[in-house]
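Undergrad: Each chain, written out:
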Amino acid sequence: MLDKVWADHEVGEGLLYVDLHLVHEVTSAQAFEGLRLAGRPVRRPDRTLATADHNVPTGPGDPDDLSRAQLEALDRNCAEFGVRLYALGHRRQGVVHVIGPELGVTQPGMTIVCGDSHTSTHGAFGALAFGIGTSEVEHVLATQTLPQRKPRTMRIAYVGTLGPGCTAKDMILGTIGQIGTDGAAGHVIEYAGDAIRRLSMEGRMTIANMSIEAGGRAGMMAPDDTTFAYLDGRPGAPPDFDAAVERWRGYASDEAAVFDREVTVDLADVAPQVSWGTNPSQVAPITGAVPEPADETDERALAYMGLTAGTPLRDIAVDRVFLGSCTNARIEDLRSAAEIVRGRRVSEGVRAMVVPGSAQVKAQAEREGLDAVFQSAGFEWRGAGCSMCLGMNPDILQPGERCASTSNRNFEGRQGAGGRTHLMSPAMAAAAAVTGRLADVRELVA
Amino acid sequence: MKAVRVVSGPVAALDRASVDTDQIIPKQFLKRIERTGFGEFLFHDWMKDPDFPLRRPDFAGAPILAAGRNFACGSSREHAAWAIQEFGFQAVVAESFGDIFRTNASKNGLLTVVLPAADVRELLDSAPAAATIDLQAQTVALPSGRTASFEVDPGVRERLLNGWDDIALTERRAEEIDRYEAERERRGPNVLAL
Ligand code: SF4
Chain A
0 MLDKVWADHE VGEGLLYVDL HLVHEVTSAQ AFEGLRLAGR PVRRPDRTLA
50 TADHNVPTGP GDPDDLSRAQ LEALDRNCAE FGVRLYALGH RRQGVVHVIG
100 PELGVTQPGM TIVCGDSHTS THGAFGALAF GIGTSEVEHV LATQTLPQRK
150 PRTMRIAYVG TLGPGCTAKD MILGTIGQIG TDGAAGHVIE YAGDAIRRLS
200 MEGRMTIANM SIEAGGRAGM MAPDDTTFAY LDGRPGAPPD FDAAVERWRG
250 YASDEAAVFD REVTVDLADV APQVSWGTNP SQVAPITGAV PEPADETDER
300 ALAYMGLTAG TPLRDIAVDR VFLGSCTNAR IEDLRSAAEI VRGRRVSEGV
350 RAMVVPGSAQ VKAQAEREGL DAVFQSAGFE WRGAGCSMCL GMNPDILQPG
400 ERCASTSNRN FEGRQGAGGR THLMSPAMAA AAAVTGRLAD VRELVA
Chain B
0 MKAVRVVSGP VAALDRASVD TDQIIPKQFL KRIERTGFGE FLFHDWMKDP
50 DFPLRRPDFA GAPILAAGRN FACGSSREHA AWAIQEFGFQ AVVAESFGDI
100 FRTNASKNGL LTVVLPAADV RELLDSAPAA ATIDLQAQTV ALPSGRTASF
150 EVDPGVRERL LNGWDDIALT ERRAEEIDRY EAERERRGPN VLAL
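Listed in order, the protein sequences are those of chains A and B.
In terms of numbering that gives the first Met the number 0, the first sequence opens at residue 0 and continues consecutively.
In terms of numbering that gives the first Met the number 0, the second sequence opens at residue 0 and continues consecutively.
Any given hint could turn out to be false.
Stated by the list, open to error - Below, a list of computed lysine to aspartate or glutamate pairs in the EDC-like style, where the Cα atoms sit at most 20 Å apart:
hint, chain 1, residue 1, chain 2, residue 2
1, A, Lys149, A, Glu12
2, A, Lys3, B, Asp164
3, B, Lys1, B, Asp57
4, B, Lys1, B, Glu157
5, A, Lys149, B, Glu85
6, A, Lys3, A, Asp253
7, B, Lys1, B, Asp164
8, B, Lys47, B, Glu85
9, B, Lys1, B, Asp152
10, A, Lys149, B, Asp152
11, A, Lys3, B, Glu33
12, B, Lys1, B, Glu184
13, B, Lys47, B, Asp14
14, A, Lys149, B, Glu184
15, A, Lys149, A, Glu9
16, A, Lys3, B, Glu170
17, A, Lys3, A, Glu400
18, A, Lys149, A, Glu245
19, B, Lys1, B, Glu33
20, A, Lys3, A, Asp294
21, A, Lys149, B, Asp133
Hints in this document: simulated from the structure, not taken from any laboratory.
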């Protein structure tokens with residue numbers, strides 16, 4: 000699949016054409032400034048789309064001065080260079096990797112880049128999508144291309160069936176636990192197997208999103224009827240949809256496709272996962288215990304997390320719960336968490352919040368009454384943005400606070416200096432919220 | 000970008016694996032809209048620890064950083080490369096790097112050198128003993144006197160050795176891009192129809 004998309008976009012030796020360039024406030028200011036200094040225009044504003052997400056407030060109150068300056072810089076830059084912007088307050092605003100698919104501008108066979116490592120999310124549609132740095136953002140703005148060498152390919156094939164209570168998040172956490180945070184370094188991953196075919200687009204995006212946590216350059220999945228049904232009728236979908244579908248079908252890998260590396264993941268081994276350390280490969284099934292440290296990295300992680308080897312994971316109490324991020328804040332994620340929360344209350348002393356991935360997800364959830372389910376259980380219901388996924392806005396953990404989080408990174412301090420993050424699925428985070436500790440969601444469903 | 004050819008001098012050692020860019024420059028410093036002002040916040044949280052290696056006086060001013068494998072994985076923030084460079088490093092040596100960081104570094108003239116584990120180990124263990132990285136020759140003269148060689152993408156090497164600006168290079172290929180775009184439009188539109 001990579002070969003086909005690559006061949007379609009090679010302008011010439013080592014130069015790749017970019018179909019869609021997504022832009023947000025944190026990694027773009029210096030790039031626009033570079034253009035301005037050099038007197039260069041944006042080559043294809045019609046292939047560029049901006050939103051404000053990383054740094055926006057999701058609750059009442061104004062952003063701090065620096066945040067405001069950054070958001071205003073994005074407003075100014077987009078106006079000056081003619082780039083479409085969904086700013087704070089717009090009905091289409093949201094986390095960049097949530098809105099691309101939801102607007103239907105993410106499509107099979109495309110090349111998509113963004114100054115953000117989780118751009119891999121869009122690969123769920125059979126696009127080649129990867130994160131770039133600010134210098135590259137400037138390069139794409141100026142030329143709509145990127146100098147690139149073709150990465151190696153790796154297939155991760157899932158066998159077996161996903162057990163009860165398990166989700167796409169558990170699949171990918173289990174996979175990263177198996178191959179490590181650099182297990183896919185230098186490779187574009189293609190996820191394959193019936194278990195992938197059976198997933199919704201939301202589930203596929205959760206997996207593709209975390210490709211980068213395994214070190215992958217990008218993660219792709221063959222487009223199929225689920226993909227096409229998702230895109231049908233969205234505002235950005237091609238007018239001649241049937242013809243587009245015909246073209247898109249051609250991107251799936253051929254039977255005989257050869258990969259530089261092959262890995263098999265047996266889903267029979269995957270139970271609901273939670274992370275116990277400070278990188279996403281430090282995960283274990285919820286039924287397990289905090290493991291003995293295998294090396295110095297593990298030791299550092301346990302010390303930072305304030306955990307002792309041998310402690311059952313289900314004995315670990317949490318202070319906070321964060322339902323959000325480009326990994327798990329789509330409508331289906333909120334639905335699955337609401338299922339668990341319905342009729343229950345957030346445990347005494349736990350502060351829990353829901354941050355929908357986009358303004359549209361928020362509106363949809365409100366149409367379905369999910370906001371009421373969460374709020375009557377004691378969750379805070381916030382506006383769309385990255386929020387506590389990276390804690391650039393006031394949504395942060397205090398030192399030592401422990402959080403059940405549906406995001407993608409449990410790095411030291413990711414959610415606030417000294418904060419301790421446990422990654423898990425939305426249903427598992429909901430279970431943690433109502434029990435006050437890491438919990439096995441399977442025990443909460445009748 | 001300034002041309003780089005040789006980086007020579009003492010080595011500072013950060014013997015940790017999978018150091019992520021969230022550690023290198025935490026998010027609260029990403030709000031600046033300039034390219035400068037990040038050096039003083041390098042490893043902000045870790046620097047609070049008096050035993051953090053980069054606080055060692057004998058590492059001060061070292062132009063080379065040796066680090067554990069999978070260095071600078073995680074977030075795409077180019078601020079990480081800016082901070083390392085502004086702090087005073089001109090090159091980082093490790094067994095492997097996060098892909099995006101490596102590209103970001105190359106756009107700023109910060110060398111990233113991949114060496115086999117044993118060679119990185121020597122640098123880590125003998126730091127601050129000096130080493131010399133020669134990009135032209137693609138070699139590292141190790142403190143023991145041995146010379147290790149490294150691979151680098153020929154295009155990247157050329158650009159670094161000459162200090163060329165990437166965008167200017169691509170702009171010379173404008174005709175190719177025009178032709179590609181014209182051909183694409185013929186095959187049917189695929190633009191943002193929002
Ligand atoms: S939600 Fe988190 S991971 Fe996703 S784009 Fe925002 S900060 Fe990055």
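Undergrad: Each of the hints needs a verdict: does it hold here or not?
TA: Verification of the supplied hints:
1. A:Lys149 - A:Glu12: It holds: about 11 Å lies between the C-alpha atoms, which stays within 20 Å.
2. A:Lys3 - B:Asp164: Not OK: A:Lys3 and B:Asp164 at ~30 Å, beyond 20 Å, violated.
3. B:Lys1 - B:Asp57: Violated, at about 27 Å.
4. B:Lys1 - B:Glu157: Roughly 13 Å between the alpha carbons, so the hint for B:Lys1 and B:Glu157 holds.
5. A:Lys149 - B:Glu85: violated (31 Å)
6. A:Lys3 - A:Asp253: holds (10 Å)
7. B:Lys1 - B:Asp164: With a Cα-Cα distance of about 9 Å, the restraint between B:Lys1 and B:Asp164 holds, given a limit of 20 Å.
8. B:Lys47 - B:Glu85: Roughly 19 Å separates the two Cα atoms, so the pair holds.
9. B:Lys1 - B:Asp152: holds (18 Å)
10. A:Lys149 - B:Asp152: Status holds; Cα separation ~12 Å.
11. A:Lys3 - B:Glu33: violated (39 Å)
12. B:Lys1 - B:Glu184: violated (38 Å)
13. B:Lys47 - B:Asp14: At roughly 17 Å apart (the allowed maximum being 20 Å), B:Asp14 and B:Lys47 satisfy the hint.
14. A:Lys149 - B:Glu184: Violated, at about 24 Å.
15. A:Lys149 - A:Glu9: holds (10 Å)
16. A:Lys3 - B:Glu170: Distance ~26 Å between A:Lys3 and B:Glu170 Cα, so the pair is violated.
17. A:Lys3 - A:Glu400: violated (47 Å)
18. A:Lys149 - A:Glu245: Measuring from Cα to Cα gives roughly 26 Å; hence the hint is violated.
19. B:Lys1 - B:Glu33: Holds, at roughly 19 Å.
20. A:Lys3 - A:Asp294: Distance of about 41 Å is beyond 20 Å: violated.
21. A:Lys149 - B:Asp133: violated (26 Å)
Of the numbered hints given earlier, the model fails hints 2, 3, 5, 11, 12, 14, 16, 17, 18, 20, 21; all others are met.
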